[in-house]
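> The lines below spell out each chain.
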Amino acid sequence: MEPFEDIKSKLIPFDMTNVDTDQIIPKQFLKLIQKTGYGGFLFYDWRFDHAGNPKKEFVLNEPKYDKRQVLLTRDNFGCGSSREHAVWALYDYGIRVVIASSFADIFYNNCFKKGLLPIYLNKDKIQYLFDLVKNDDPVVDVSLANQTISISEKTISFDIDLTRKKMLVEGIDEIGYTLSFDDQILNYEKASKVADYNKFMVKN
Amino acid sequence: MQKTLFEKIWDSHLVIDDNQNENADNSNGPSLIYIDRHLIHEVTSPQAFASLKQNGRKVRRPNLTLATTDHNVSTESRSLPIVDEVSRTQLETLSRNCKEFGITLYDMASPDQGIVHVIGPELGFTLPGTTIVCGDSHTSTHGAFGALAFGIGTSEVEHVLATQCLWMYKPRSFLINIEGNLSKRHAITSKDIILNIIRKIGTDGGTGMVFEYRGDVISEFSMEQRMTICNMSIEGGARAGLIGPDQTTFDYLRGRKYTPKESELDKLIEFWKSNLKSDENVGFDRVETINVDKLAPQISWGTNPSMVVDITDSVPSPEQYAKSDENKRKLAIRALEYMDLEPGIPLTNVRVDRVFIGSCTNSRLEDLMEASLVIKGRKVSTNVRAMVVPGSQKVKVQAEKIGLDKIFKDAGFEWRESGCSMCLGMNPDILLPGERCASTSNRNFEGRQGSGGRTHLVSPIMAAACAIEGHFVDVRNLV
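Respectively, the protein sequence lines represent chains E and S. Every letter in the first sequence is one number past the one before it in my numbering, and letter 43, counting from 1, is 44. Every letter in the second sequence is one number past the one before it in my numbering, and letter 195, counting from 1, is 243.
For reference, chain S alone in the conformation it holds in the complex (with noise of 0.2 Å):
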């Protein structure tokens, strides 16, 4: 029989498959399912522990969990304390949790500290052919590398850590071509990309699905690139996105902290190989492709990952945006004006206040490298604030190596240190009411940022353009 990548993978996790479990009554049922690698933040997980004490239950596996601290720490100089409260008795939660229950943490003093879907990758601890999820959403990035990723609650961080097991509804797999030829294309990034594949699809064109990412363009991806992919999965309504792992994924393993030794992973490589791809004529539930040959730089405009149009548009009118569908209108009506914006104004007339480097999306070493060299030897416009924050310690230390800090700072943005900041502004990295930001994170929702913020989602050298000029520009002209 014919499978999918995400079949086959689903295939071999089965612990007990629906239609053998003889407790569900009907063959739709959840199965259960294994899984390998469990990532936890002080966020999600202290409701988890607490009942699974409460319970009296162990942590089946403790060593297939790993924690960091990323939501709510600060990125100003780590030798300062914790000013919240509230935030610091969740770090300290999560301290506490991992010590009484065995897991490894990678704390706001560790080398390896980095945002959850940063770190995964750095060390090694995504692998193909796994099965991965975390408390967040964005554990779709994971997907990158040929792992089965997504993000669960509280109750089921609960269940993994008590059973190192999910009951799942097996999804149905929809596969986006990626066409187009993007060595020609300047400036064009995988943000892009992705941002203009949920503008095509919509925010719930994924709902109940998993997606695979193929094309030509895929495959000349660096793993970086293929990460803001995979990462934005859950935008388009997919908790999980797939990619096939050929040798890109194979160079950029070798030699990470949790990667198998060399003639052990030399055995897995063969097995991947053979094993983690789709078969050439299996069907999926829903194909599209999307082509990059005329994709300009994409920036979103309303309050939600689907409302994006092209650097070069206007903001589009409420009748534009929602076509005859009366509800998407209303939606409209209501993103203008949180967003504080007229249809038919050049994109490129809108000012910002803020600049926002960094997220799970957008904040690897790839990315801060782009950006710097549309910054290089300019500066940041005087009204505008503009801030990186790299995606983990491991990131920082490698940018500061090869002078990436000295570049930005000279230009006047903020260096800071490693977390998720402000792509969600747990910490006190947060919009004023009203502040415009040109951001690379991954959701524009009403007051993401901060409450009454208004967020521009773009590409890493589209935010630094931007924080150059002052307003929105096609960053095609700068580079």
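Extracted from the complex, chain E is given alone in its bound form (with noise of 0.2 Å):
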């Protein structure tokens, strides 16, 4: 995984509730076998109509929030379908933090494996980011280091667990780090009761 780097940019209001992942990617689109090439069908049915011609009153498709890197949205953004194809979408199309006033878990949890920074605040404070974007529509600096959204003058602070956020600035390989506790999974399979379990599997 890349690690994270800070970001300056302005911010797409991306302004509904409960999306969910099979919006960010439709199905259509979970055939491919590989991780990347995902950016060109995000949001894909909000984005084209049935001709394949943009709408053009989607947001995405309005040309001032071309090239954008914030996504600003509401509550429980990403819920439904496990599929981290929606992720990879929204990287690949080139967003690289999403701010929201909630997310769905598994969602949250598939930004990290990727590089894609997810932001909660709260409402209060996504209300008044849209305000900012309908009015001056400045440039925010997002900071993971610091955990701030800087604005001008103004500075956000935003939560992010400690491990989380280590993994997203120096880019961890998980697995690798996973496999240096392998005495640890492997006294495990050895003393626990429930380990047993494991053992009524039939040999292949």
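Please note: incorrect hints may appear among the correct ones.
[What the hints assert, rightly or not] Which residues of chain E face chain S? A partial, calculated answer using Cβ under 10 Å: (1) 14; (2) 18; (3) 28; (4) 34; (5) 83; (6) 106; (7) 124; (8) 156; (9) 158; (10) 188.
Hints in this document: simulated from the structure, not taken from any laboratory. Using N, Cα and C, we set each Cβ at its ideal position, and we do this for glycine too.
Using the hints, build the complex out of the two chains.
Put into structure tokens, the structure is as follows:
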């Protein structure tokens, strides 16, 4: 995974609640066997009409929001299907940060595997940011190291678990890290009563 | 210390407790959890295997993973080739990966093939007290056996393949009591109960939590009814839902392919009986109680599974749905527009084009038996195309043995091969733009069953009644 670099970008105001992963990446694009190449399909059914032409009224199709890297949205972003393709599509499209009032668990978890930073803020702060885009539309500075979103004079702090922060900042290979605990895993497999379940599995 | 069922399973699977993890910088860090059972399918596994190979890594315990093909398989005749080249590549990739890494695969040619959450329990792969994961959010289904089961992303699929473990932040516990007397309640199913729960708590009511379902209603439910409830836990925001195992669970397990043999099983049952229930006075982070005594059949009207009303209700106005929440009001306006519904219209006036009985929520033998009782001797309305997609090849064979296929076909239903089918429309079974469907599946998101398609979530008997009448009806009037 690539380490997360601090971001300077304007915000994309994605003013919706309960955006599910079926919308972020519709199922017809889950048939690929790679992790890349999903950006063109991001929000496909909302971005394009049945003939494949961009829908003018959809926020990502407005030229002024082009190339922005921070998506601002509301409650329960990423609910529904576990498809990690949703994270890959956002990342591939160029999004590096999603700011929301809450996230669904599996999506939130998946973000950290790719280097996409999910930030949750309370509803008032989210509303403040939406108002900001509407009025001044400033560039914001997202620093993971400082856990801050800075807009000229003002700074908003955000929470993130320190282990997750470290994974993102350093771009840690999680599997390699886990394998360094091989002794503990082996011990568990030998000692645990529950691990006994596994002896019932037939040999292949 | 008093513990919940969830905490007991969690504690017995800790390889590294967050407090002992010297690399974690605070006490709320992740713990390393051992995974007993891993299910994989063609859609969320190819990138995991590719990355394993790229890094020269092995599958740590190949015999703890089972694979099947379900998401994009055709439900037409199994003798026909898969026409869609991309789908075929995905199926072939799974087959190649399983061979290379020594993983058992139940593919389209196998009599054990089926939807991953139908075959796990069917094969006795799903056992009480275990941890079970799959790259699919409806893994919560297996919680019906008192297993801690949850969906994961593809990177975590790779992580489990390589390490048989996962880093997890400990979720909180949410008790859902289901009270009342269902035996006096005509035509109210476990699907109606779970839809009603989600209606009440919202699609994010369980975020960061594990549900435990409890109450007399649950105790009297069969395993299949329990699976329907646990299956939709994720629709209420919880990654996992649990039901403490009891005699019904143990009876279900006996004699299945991977269930331990008699003497071993008896020992395990004794262990489960004493260990797999929440302590009597344990506290939960949240408690909700649902009473079924006045519950009507439930039906979704909008584009998420909390947008649900009684079948006797009318389509709500955005204000009725949202109360004073402006964002919810906007969501409801959008949903009504997408669904092409006017507030105030009785749901029973809404006509449908398609009926789908299937999915990991409602495609098991009992679901099909119940639906067949509504169908028997009746005909599908001429304006409706209706299909039944059994959850597995075993379900299909058992159903055919008792003549259910004939009842459905005589009524005008299509009788299909097993798979996920029109629950998510990755195979050719999709709604056309504008088509309206009564569906026994779990998600009514925009475009879920096909771009522009409109989904109403209902129980199998409600779907069956709808197929006959051509519009939604209160199934209590038909049975």
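> All the hints need checking, so say for each whether the structure fits it.
Verification of the hints:
1. 14: It is violated, given that the least Cβ distance between residue 14(E) and chain S is near 13 Å, above 10 Å.
2. 18: 5 Å, holds
3. 28: 5 Å, holds
4. 34: 4 Å, holds
5. 83: This interface hint holds because 4 Å falls under the 10 Å limit.
6. 106: 5 Å, holds
7. 124: 9 Å, holds
8. 156: This hint is violated: residue 156(E) lies away from chain S, its Cβ roughly 23 Å from the closest one there, beyond 10 Å.
9. 158: 16 Å, violated
10. 188: The hint holds - residue 188(E) has a Cβ within 10 Å of chain S, the shortest such distance being about 8 Å.
Going down the numbered hints, you'll see the structure goes against 1, 8, 9, while the others check out.
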